[in-house]
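Starting from the given sequences, assemble the full structure and let the hints guide the process.
The letter at position 77 of the sequence shown is residue 77 when you use the UniProt record's numbering, and the numbering goes up by one with no holes.
Hints were generated in silico from the structure; no laboratory data involved.
Here a beta-carbon is modelled for each residue, glycine too, at the ideal position from N, C-alpha and C.
Everything hinted at is true.
Listed next, the in silico DSS-like pairs over lysine-lysine satisfying Cα-Cα at most 27 Å (straight line): (1) Lys-391 <-> Lys-362; (2) Lys-200 <-> Lys-145; (3) Lys-308 <-> Lys-391; (4) Lys-241 <-> Lys-272; (5) Lys-391 <-> Lys-477; (6) Lys-362 <-> Lys-330; (7) Lys-157 <-> Lys-391; (8) Lys-482 <-> Lys-391; (9) Lys-255 <-> Lys-241; (10) Lys-477 <-> Lys-308; (11) Lys-477 <-> Lys-464; (12) Lys-145 <-> Lys-477; (13) Lys-330 <-> Lys-272; (14) Lys-362 <-> Lys-241; (15) Lys-173 <-> Lys-241.
Label-pair restraints from in silico Cβ distances: (16) Leu-84 <-> Ser-385: 35 to 43 Å; (17) Arg-388 <-> Ala-347: 29 to 37 Å; (18) Gly-499 <-> His-6: 45 to 53 Å; (19) Lys-464 <-> Asp-301: 23 to 31 Å; (20) Asp-251 <-> Pro-469: 52 to 60 Å; (21) Arg-29 <-> Gly-499: 37 to 45 Å; (22) Asp-251 <-> Pro-276: 20 to 28 Å; (23) Leu-84 <-> Pro-363: 31 to 39 Å; (24) Thr-410 <-> Pro-363: 21 to 29 Å.
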Amino acid sequence: GMNPRHLLALLREQSWGSVLIEDTHVDMRRRRDLYASLLVAAKSKGPRWLLTSTEDSMTAETLGRVGTAFSLIPRLLHEGGSTLSGLWGAKRLTAKLDRDQPATLSPFSEKSEKRIAYLKTDFWFDVKAGGSISHAMGVLNGMQKAGWTPRIWTTTKIPALPDSISQTVVDPKPRPSIIEEAALAAYNRHYINAVRDEIKAFNPDILYQRHGVFSVVGVALAQELGLPLVMEVNGSEVWVKEAWSRLYFGDLARKMERVVFEKASRLVLISKALEPTIEELGGSPDRMVVSPNGVDVTRFDPQGNFDKERNELGFGSGDVVCGFVGTFHKWHGVLFLAEQITDLCRANPNLRFLFVGDGDFKPEIEQMLASEVKEGRVAFTGLVSPGRISKLLGACDVLLSPHLPFEDGTEFFGSPTKLFEYLASGRPVVASRLGQIGDVVDHEETGILIEPGNAAALRAAIQKLASDPLLRDRLGKAAREKAEQDYTWETNVRRALGGIGPQEPFVGRSF
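Have a look at this one:
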């Protein structure tokens, strides 16, 4: 959602007739004091409401300005103390971890069962869809198929995991909550205390964590329990925060990240482009292995009948449907794509476009394409479950990944999960020749590559595939074969954990 500082400025810039703030029931528990403070500060002579939503209902609470202000005083004092305590505790924990030595990573002795404890600490609550959910599901299922017994300790339950993979949800403490960075920092000690005994009882061979900002729980548990730690690295999370939002406690975040990269037994990078950055931040090359993201190919049926999905979207059997899945951020190229659609539809009346997902640019794009939506040429689904994703991709004829370079000039280091789902769907892909994307998609073999941001090339590639069903069929079949051969989650796990369990030997850094 909107940054609280920006929201406060908005609420103070004019006098509003009434003010309401809405959030999910999960996030409302954490942010109620923040929202109440904003409502008290808002310029308004009318009512002030807090709306709490669930999947099928909504409750409203009216807040009086004076009464709420007085009730907030002791709560905010408590919040301030918790914030200072959380930040100071994280600083002390990080300093201790920096002094201690990590456990070494070596082949394990033979035993009947290899256990792996998966630690998920990102603050995404009650989320049932999206790339991070698909990713966690894929890795855990891939671990099982590769011969491991995984168990996950997580901030939010992962939907659609088999019952054979045990999940434990570790809710954060109620405070601190207003400053999210402080909440993340404080969560380290809370998480460690909550899971320590359960992990000891589980008796894993290794710990596995997806790296997140302000999180050193993997390093702390590894050192305390004498276990090796495999750290999955999707990028410098400090860079992500500083490039795309803001960090108030950047020095602490950078120190915590450096300790993680220096102490982890193995660093699993999603792309080769990350190697120089992670090495500069403390990761040594001998501990790095590159393993791109993957896909569960069994979820996708290239030969399935998707007439029902096409009809529900308003698309006919003679239409050529081009699909985009992802978060609506600028570097995903979604705004760049949307700007081409009116001309494409004018040139080819049978073209249709499907947008699946949500994000910053979605309202702007919906407004931009309002007439195309009204005419039935464009459809938006919003965020959908992983199970629905496979059917929507199957309903498409062409799939689009028009990523753009990062604006600050940083080398593109992404490994988009959707790209592998596109391949598994057995559909041709139009994608930017950018970083790993240009390696995964084979030009004129599994799709068509274009130079990032080249509008004419994007339109030409889409029109070429729209006019040639035989080409679409050939490229789509090859895409599916490549997904099955190189990009299953089991393959991903075997690359990531090679040499340390029921795996093939570890073969080095590069991919």
